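Assemble chain B onto chain A, guided by the hints.
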Amino acid sequence: MANLTDLTIAEAQAGLAQGEFSSKEITEAHITAIEAARDLNAFVTETPERALADAEASDKRRAGGDVGALDGLPIAIKDLFCTKGIQSTASSHMLEGFIPSYESTVSSKMVDAGMVMLGKTNLDEFAMGSSNETSYFGPVLNPWKRSSDDQSLVPGGSSGGSASAVAARLCLAATGTDTGGSIRQPASFCGIVGMKPTYGRCSRWGIVAFASSLDQAGPMTRTVRDAAIMLQSMVGFDPKDTTSSEMPVPDFQAMLGQDIKGLKIGIPSEYRVEGTDPEILALWDQGVKWLEDAGAEAVEVSLPRTKYALPAYYIIAPAEASSNLARYDGMRYGLRADGENLAEVYENTRAEGFGNEVRRRILMGTYVLSAGYYDAYYIKAQKVRKLIADEFSAAFETVDAILTPAVPSAAFAHGEKSDDLLGMYLNDVMTVPASLAGLPGISVPAGLSSDGLPLGLQLITKAFDEETLFRVADVLEQSAGFTARPGEKA
Amino acid sequence: MSVDKSTVARIAQLARIKVPEEDLGALADELSKIIGWVEQLDEVDTEGVAPMASSAEGTVLRQRDDVVTDGDCREAVLSNAPKTTKGYFVVPKVIE
Chain A
1 MANLTDLTIA EAQAGLAQGE FSSKEITEAH ITAIEAARDL NAFVTETPER ALADAEASDK
61 RRAGGDVGAL DGLPIAIKDL FCTKGIQSTA SSHMLEGFIP SYESTVSSKM VDAGMVMLGK
121 TNLDEFAMGS SNETSYFGPV LNPWKRSSDD QSLVPGGSSG GSASAVAARL CLAATGTDTG
181 GSIRQPASFC GIVGMKPTYG RCSRWGIVAF ASSLDQAGPM TRTVRDAAIM LQSMVGFDPK
241 DTTSSEMPVP DFQAMLGQDI KGLKIGIPSE YRVEGTDPEI LALWDQGVKW LEDAGAEAVE
301 VSLPRTKYAL PAYYIIAPAE ASSNLARYDG MRYGLRADGE NLAEVYENTR AEGFGNEVRR
361 RILMGTYVLS AGYYDAYYIK AQKVRKLIAD EFSAAFETVD AILTPAVPSA AFAHGEKSDD
421 LLGMYLNDVM TVPASLAGLP GISVPAGLSS DGLPLGLQLI TKAFDEETLF RVADVLEQSA
481 GFTARPGEKA
Chain B
491 MSVDKSTVAR IAQLARIKVP EEDLGALADE LSKIIGWVEQ LDEVDTEGVA PMASSAEGTV
551 LRQRDDVVTD GDCREAVLSN APKTTKGYFV VPKVIE
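Protein sequences appear in the order of chains A and B.
According to the working numbering, the first sequence holds residues 1 to 490 in order.
According to the working numbering, the second sequence holds residues 491 to 586 in order.
The shape of chain A in the complex, shown without the other chains (with noise of 0.2 Å):
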C-alpha cells in the first residue's frame, strides 16, 4: 500500500471507495506525520480527537453506502476560519482561547461533505504578512531548504501554515486565505497548488475579516485536480454575505484533461518587475513556451497601471483593516486588559493584543481615513483600483488567460526581511493586482530554483471563469512535471 501521507485528494478517494484503507487508517497517518513534524510549528491547534471520530464516523457512513465529497479525507483548516468548539485565534494574541460558537460557512460545507478536521494551521497574524513571522504563535518553517545551506526558510504567508502543512504531507489539502497573495505567494514558496477564486464564490461568513471587500478563501492543495475537488465543496451562494455571488456553480473537474488548442494567453510585460529573481522571469517563459506547445496561442497584452497595484493595495487593505480591527474592544469576546476607566481599557487592550504589523496597518488605515486624507489616499486609491481591474476587463476582451509569475523571488529566511519593510510587502506584487480587482488566480508550482527551492508560475482568469482556469492550470502542470518533494537535496 502506498504511504498514505502522499497521496492526492483524488487518489485517497479512490483508495477509500474500493476499501483499500479506511478513514480511520489514513486519519492515523496524518496524526502521526503531525506529531513528528511538530518543529515546523505549522499548527496552532491540532484536533486530533476530533479527527479521529470524524473518521469513524466517515468510515460508517461509507460503510452505508452514503458519502459526502470530501467524505474521510483528512483536511487542515487555516485558524481564520471560525469553527464550532475549536479554538479560532487568527494567530492573534487578542483571540487566544476564542471558542466559536459557530462555524464558519466554508468549513461548514466541508464538515457537510465529509471532511475530517485535523486541525487549525498557523498564519500571519490576523492574515497581515507574507513570511507567516508575524503569528503570535511562532514562525512557521517551511519544509523546503535550500541546497547551498541549512538556514531555515519562510513559507510566505499569510496561509504558511497551511502551504507548510499540505507540502509536507500533514494533511490531504488545508484551506488558505487570500487578500493580497496570501494562498497564492505560499503556495508557490512550498511548492504546492494555491487557488483563489473568484471574489463572492467563496461565503465571507465565518472568516476573521481582514479587508472584506478584497478577502476570499481558497484550496491550497498538492494537484490542480484537488484544487478543483475541494473548490466545488468551498463555493456556492451564503445569503449571510452579502457579497456572496449568485452566479452557477460550474463542475470545476469537468475541464481537467481538456486540451487548450486556439486559447490565447496573455502575457503583460509589466510584470517584469524590476528585483525579480532572473529564474523567476526565465521559468515563465518556458511557462509560455509550454503553453503554446500545448497549441495555445501567447499574446503579449498591456497592463500599464500594473506597478501601482501594490501601493494601492497598502491604502486599502489597511482602511478596511483598521474599520474590521475595531471590534476587537474587549467587551464581548476576546482580550481584555485592565485600565482606569473605559477608554483606557480599551487602549490597553489592543497595545496588548495586537502585535507590531497590525499596529502598524491600524495606524496606517487610520491615517488615511483621517480627515483631510481621506479624499488624498484612500478614494484616490480606490479611482487606481478602478482603473487597474478596467486594464483586466479590456485584456480579457482578446485572451482566454493570462500567466505570470506568482512571486518576485523563492523563499528566503527566517529574519532576512524582517527589518526592510517595503521589501517585504514586494513578494505580493505579483498577486495583488488580480486581487484588486477580485480576479480568479492560481499558482502552479513550475520548476526549482538553481538552489533547489519551488517556484510558481501564476494564471488570472476574468471574473467567474474559473472553468478556464483549471482547464489551463491543468495544461501547465502536467506541462511542468513538478514531482519535487520537501527534504530530497538536488
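Hints are not guaranteed to be accurate.
Unchecked claim - Computed cross-link-like contacts, DSS-like style, restricted to lysine-lysine with a CA-CA straight-line distance of at most 25 Å:
no., chain 1, residue 1, chain 2, residue 2
1, A, LYS289, A, LYS386
2, A, LYS84, B, LYS573
3, A, LYS462, A, LYS386
4, A, LYS417, B, LYS523
5, A, LYS60, A, LYS24
6, A, LYS462, A, LYS289
7, A, LYS84, A, LYS307
8, B, LYS573, A, LYS307
9, B, LYS495, B, LYS508
Unchecked claim - To give an idea of the interface, some chain A residues facing chain B are shown, with a C-beta separation under 8 Å as derived from the structure:
no., residue
10, TRP290
11, ILE379
12, LYS417
Source of the hints: derived by calculation from the structure; they are not laboratory data.
Quantities reported herein were computed from a predicted structural model and do not represent experimental measurements.
Even for Gly, the Cβ is constructed at its ideal location relative to N, Cα and C.
Here is chain B on its own, set in the frame of chain A:
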C-alpha cells in the same frame, strides 16, 4: 508627506491603541516611509474615474426580510466574554 511623532500619537488615540512614547519615533519613520511610497499614486491621472469600493460592484446588494432569524442563544453569545454576570456582559463604567 511625512508623519511626525505627534501625528502618530493622534492617530493612535483615534485607533484606541496605547502606543508607548518610546515607540512613536520608529512608528513615525515607518509610516512616513509607507506613505512616501504610496504617494506614487499621484502620478496616475484619475480625473473622472469612479472610485471602486468592492470587486462585487455591479451586483445588487440584497436586503433580507426584516424578520427574526436567530436568537435564544444567550449562553453562546456570552460564552467568550471576558466578564459576565447574570446573563449580561460586564463592562467598565461608561458614565462618570
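Against the structure, the hints:
For the proposed pair LYS289/A and LYS386/A, the alpha carbon gap of about 32 Å is over 25 Å, so the pair is violated. Taking the CA atoms of LYS84/A and LYS573/B, the gap is near 21 Å; set against the 25 Å cutoff, the hint holds. With a C-alpha separation of about 15 Å, the suggested pairing of LYS462/A with LYS386/A holds against the 25 Å cut-off. Restraint check for LYS417/A and LYS523/B: the C-alpha separation of about 16 Å stays at or below 25 Å, so the hint holds.
Under the criterion of a C-alpha separation no larger than 25 Å, the hint pairing LYS60/A with LYS24/A is consistent with the structure, at around 10 Å. The straight-line distance between the Cα atoms of LYS462/A and LYS289/A is roughly 22 Å, inside the 25 Å bound, and the hint therefore holds. Distance restraint check for LYS84/A and LYS307/A: the Cα-Cα separation of roughly 41 Å exceeds the 25 Å cut-off, and the hinted pair is therefore not satisfied. Pair hint LYS573/B plus LYS307/A does not hold up; C-alpha atoms about 48 Å apart against a cutoff of 25 Å.
Note on LYS495/B and LYS508/B: the hinted pairing holds, with a Cα-Cα distance of about 14 Å set against a maximum of 25 Å. The criterion of a C-beta within 8 Å of any C-beta in chain B is not met by TRP290/A, whose closest approach is roughly 30 Å, and the hint is violated. Among the interface hints, the one on ILE379/A holds; its C-beta lies about 5 Å from the nearest C-beta in chain B, closer than the 8 Å criterion. The interface hint given for LYS417/A is broken, as the beta carbon of that residue sits about 14 Å from the closest beta carbon of chain B, more than 8 Å.
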